[in-house]
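Quick mapping for you: the protein sequence lines, in order, are chains A and B. The numbering used here puts the first residue of the first sequence at 8, with every later residue one more than the last. The numbering used here puts the first residue of the second sequence at 125, with every later residue one more than the last.
Honestly, I wouldn't trust all of these hints.
[Said to hold, decoys possible] Taking lysine to aspartate or glutamate and the EDC-like style, the derived pairs with C-alpha atoms no more than 20 Å apart in a straight line are:
| # | chain 1 | residue 1 | chain 2 | residue 2 |
| --- | --- | --- | --- | --- |
| 1 | B | Lys656 | A | Glu49 |
| 2 | B | Lys142 | B | Asp131 |
| 3 | A | Lys21 | B | Asp484 |
| 4 | A | Lys18 | A | Glu57 |
| 5 | B | Lys645 | A | Glu57 |
| 6 | B | Lys645 | B | Glu611 |
| 7 | B | Lys380 | B | Glu697 |
| 8 | B | Lys229 | B | Glu713 |
| 9 | A | Lys56 | B | Glu713 |
| 10 | A | Lys9 | A | Asp45 |
| 11 | B | Lys704 | A | Glu86 |
| 12 | B | Lys687 | A | Glu86 |
| 13 | B | Lys424 | B | Asp484 |
| 14 | B | Lys642 | A | Glu86 |
| 15 | B | Lys531 | A | Glu86 |
| 16 | A | Lys56 | B | Asp131 |
[Unchecked claim] Which chain A residues stay away from chain B? Per the calculated CB distances, all over 10 Å, these:
| # | residue |
| --- | --- |
| 17 | Lys13 |
| 18 | Asn78 |
| 19 | Met131 |
| 20 | Asn178 |
| 21 | Arg207 |
| 22 | Gly219 |
| 23 | Ala229 |
[As the list claims (entries may be wrong)] Among chain A residues calculated to face chain B with C-beta under 7 Å, some are:
| # | residue |
| --- | --- |
| 24 | Ser35 |
| 25 | Asp37 |
| 26 | Asp64 |
| 27 | Ala238 |
Everything labelled a hint here was simulated from the structure, so no lab data went into it. From the three backbone atoms N, C-alpha and C, an ideal C-beta is built for every residue, glycine too.
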Amino acid sequence: MKITLKVWRQKNGKDSGRFETYQLNHVSEDMSFLEMFDVLNEQLITENKEPVAFDHDCREGICGMCSMYINGRAHGPWEGTTTCQLHMRAFNDGDTIVVEPWRSAAFPVLKDLMVDRSAFDRIMAVGGFVSVNTGNAVDANSTLIPKEDADNAFSAAACIGCGACVATCKNSSAMLFVSAKVSQLALLPQGQVERKDRVRKMVAQMDAEGFGSCTNTGACEAECPKGISIANIARMNREYLGAAILPGN
Amino acid sequence: MTSPRLDAKIPGGNISEKWTQYKSTVALVNPANKRKLEIIVVGSGLAGSSAAATLAELGYKVKVFCFQDSARRAHSIAAQGGINAAKNYQNDGDSTYRLFYDTIKGGDYRAREANVHRLAEVSASIIDQCVAQGVPFAREYGGLLSNRSFGGTQVQRTFYAAGQTGQQLLLGAYSALMRQVGYGTVKMYARHEMLEVVTVDGKARGIIARNLVTGELERHFGHAVLLCTGGYGNVFFLSTNAMGSNVTAAWKAHKKGAFFGNPCFTQIHPTCIPVSGDHQSKLTLMSESLRNDGRIWVPKKAGDTRKPIDIPEDERDYYLERRYPAFGNLVPRDVASRAAKERCDAGFGVGASKMAVYLDYASAIERYGKVEANKQNLVNPDKATIIKLGKGIVAEKYGNLFEMYAKITGENPYETPMRIYPAVHYTMGGLWVDYNLMTTVEGLYALGEANFSDHGANRLGASALMQGLADGYFVIPYTIGAYLAKEIHTNPISLDHPAFTEAEQRVKGIIEKLINIKGNKSVDHFHKALGKIMWDQCGMARNAEGLKWAISEIRKLREEFWKDVRIPGGAMEVNPELEKACRVADFLELGELMCIDALNRNESCGGHFREEYQTEEGEALRDDDNFAYVAAWEFHEGYEWSLHKEDLVFENIKLTQRSYK
Ligand SMILES: Cc1cc2nc3c(=O)[nH]c(=O)nc-3n(C[C@H](O)[C@H](O)[C@H](O)COP(=O)(O)OP(=O)(O)OC[C@H]3O[C@@H](n4cnc5c(N)ncnc54)[C@H](O)[C@@H]3O)c2cc1C
Ligand code: SF4
Ligand code: FES
């Protein structure tokens, strides 16, 4: 297929950035979206131009590193799919595809399609854990956990921290991401002791990082590649209210 | 005779008491001194995150480095199937000894007994620790943990979280790490790549790292340096590893005096999605668990172009079931991979490239359908109903894998058999380490896939996650004391020390040289060329002639690389091409050593198959009299290596020929 690409190019954080247009004449429908970028970059290198910088690593939909905003949608047109798993058979011969980085004040652009998502790490560092030192654990089967709770905790824990929810939200809210972790730990007995403290601290850090507030549009859930449910946000709001009203841990 | 340069420091005593004894006698560092001791951890995968978090909990000052934008994205995140532990929760006769035995045997008797036994001993604590962190393992309705069986073992000892076990374990370790980052006991350096080890008086004292955002070179001091930098499967260009996985950290250590153990021991995983074209950038694993229910076959007639569905049952060759009636489709990975290659080489392969075999779920769907129909009390259900019910069950068990296959290939695996082919997956070789996990450079340690230690010549499924976490949570926190207890009087070494200046200059020199070549070919061009040589000559089957040819080709390629590579952009900015070039430069050296090692090992064992050494039936032929040793290679300037041998002594397990017939 022939594909026209309009790609956001930005030298670094200070540069204001612009779209550049590229033409690719031999795109196979078996290529992944990132493999098409490999081909583009190979072409640019041959022409002595600078290749497009983009984040990626596992190319299996699990590390959360890839992050392209494709034709106005985070991770592109396929449901429940990361950029690296999107394949070119999703497009037609002659298509023009517009590719931008995640856009959010809390995710500054580093270069081209690469952004800085370290805000997510800082939110985790204030409370996204159970305080248990190595060696303190009791036998794993000494705490029974109903399968349903374990399954629900797992569904929330499936978040890959990609940031598509933020990129997609008109307010740049990080609620889906934060609520996924809060929910996972609130659903498990291990998370109970620090339950209130955790939600308070994580929400405070989220606000400090400059993420916007949630107005329940549901865009995040629709674009999340891992199907993280918006019900987690409702759960976090309950957790937060409970923690705000009642003192203690 | 074991080389005098390789003291494995294996404690004395009975195998089942060595570790206990060791723990109660190893030197301790008191809390006040721990605060003064700094440890550098390179890598944030299972090994690195677990080590860093635990060492910080103990009171050490820790710095962690990774090249991704967050510690949580280390390649461990991609592990699918599960993690082994000798818990015996299923009451099916598992024990520490059995896990120890299976791992030694699975590795084709090329691993060190004492290390493997320790691994089996600590395995149970790993599961306890992970559950305490909130890792959501799969559970039964009664609330207890669930287990599955995995590649070639006869007990159910594998713990899992759907097809995302690595993700959940890493997020657990990452949470422990971030907790310490929050406390200020760990300082995290994401988007940093280590490019040199700094040694002072023969001891590792720090690293040079490049900030991948600004391009600056940074100097970091540590009383000890831990390399937890993963495996080097990407030397083959195409592998199941993440794109950034590399050998650079281990290789720089190797060139600074750390011996490299068994570099040619590579695991080729039998069930991966085949290559679809020249654009291919990586290969995707289809979990080994699929072999529990799927049947593997090729047409009986070479070059058969009919659709799989049109090939009648009696014209199909279920070659694993034919060759290995006892284990059938569940033979270990090395055996299954070689058998697929044998069929394709003989002209029986399928798909456009003819380099694939079928993994067929039709009979599993029917079998499950019948069981389900029975459960639902359906009398004489028609075929369509059975198939529908069967598909539902298969979707429950393997849905996410089937979906992934469909996305990548555009084919529906519920309707037509999947096409699979072996791919490079894991490297058993790595930096040689002693019982303490220390390399041959004092103060320099290697953990996880980066060391050579526990898997011999072939790794069993679900044991790499176990090893990474064992090393990080439960081994290094003790063994590092043996060294650091002697270092309490060492003050931090100034970053202006000549050793730091010299190391930084060397890195700078390499980067400038690379950028100034301004040649005609991209980094990927060289990487792909290297990968092809390695795959053809040092892949699933090797022979002396091919390996010699490969060595000379790699040397030529390396020369060409240093004359003709083109790296756009500069050193002081985000520059992914430069990052790749630094890694490929090291792969071009490692590849040669892998071939040298494969050429030296005149036997077949585990994943190392030398065509000259096989039984009449085409099975691997080991030579225990001459090769029951670890090959540890020492680097010399001018790309010369000398071999040091560590004899493997089997006091507890009798060496036998592996048979899966
Ligand atoms: C697709 C797939 C599925 C798998 N499934 C299973 C399974 O089900 N069960 C199982 O037991 N095993 C499995 N494995 C194997 C297992 O996942 C790995 O062996 C293991 O996770 C390696 O962990 P690690 O901590 O040693 O290294 P990694 O997780 O690879 O981490 C390496 C770290 O080092 C860093 N790093 C590397 N080089 C540098 C450098 N120069 N400077 C700075 N940082 C650097 C990286 O940033 C990263 O943080 C699988 C492997 C693959 C590829
Ligand atoms: S909630 Fe979904 S979209 Fe947001 S970071 Fe997690 S996986 Fe990505
Ligand atoms: S590259 Fe890892 S999720 Fe896309």
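Report task. Would you settle whether the hint for aspartate 64(A) is holds or violated, based on the nearest Cβ-Cβ distance to chain B being less than 7 Å? Result -> The hint holds - aspartate 64(A) has a Cβ within 7 Å of chain B, the shortest such distance being about 4 Å.
Requested in this report: Hey, is arginine 207(A) genuinely clear of chain B, shortest beta carbon separation above 10 Å?
Outcome: 14 Å, holds
Report task. Please settle this one: glycine 219(A) was flagged as non-interface, so is its CB more than 10 Å from every CB on chain B? Result -> Glycine 219(A) is indeed farther than 10 Å from all Cβ atoms of chain B, at 21 Å.
Query raised in the report: Is it true that the CA of lysine 9(A) sits at most 20 Å from the CA of aspartate 45(A)?
Result: Roughly 16 Å separates the two Cα atoms, so the pair holds.
Requested in this report: Assess, step by step, whether the Cα of lysine 56(A) is no farther than 20 Å from the Cα of glutamate 713(B), and give holds or violated.
Outcome: 29 Å, violated
Query raised in the report: Are the Cα atoms of lysine 142(B) and aspartate 131(B) separated by 20 Å or less?
Result: 16 Å, holds
Query raised in the report: When the nearest CB of chain B is found for alanine 238(A), is that gap smaller than 7 Å?
Result: With a minimum Cβ separation of about 17 Å from chain B (threshold 7 Å), the hint on alanine 238(A) is violated.
Query raised in the report: Quick one, is the aspartate 37(A) hint okay against chain B at 7 Å, beta carbons?
Result: This hint holds: aspartate 37(A) lies near chain B, its Cβ roughly 4 Å from the closest one there, short of 7 Å.
Query raised in the report: For the pair supplied as a hint, lysine 21(A) and aspartate 484(B), is the alpha-carbon distance within the 20 Å limit?
Result: At roughly 54 Å apart (the allowed maximum being 20 Å), aspartate 484(B) and lysine 21(A) break the hint.
Query raised in the report: Is lysine 18(A) close enough to glutamate 57(A), meaning Cα to Cα at most 20 Å?
Result: 10 Å, holds
Query raised in the report: When you look at the beta carbon of alanine 229(A), is every beta carbon of chain B farther off than 10 Å?
Result: 18 Å, holds
Query - Straight-line alpha-carbon gap lysine 704(B) to glutamate 86(A), limit 20 Å - result: 32 Å, violated
The structure fails to meet hints 3, 6, 7, 8, 9, 11, 12, 14, 16, 19, 27 from the earlier list, while all remaining hints are met.
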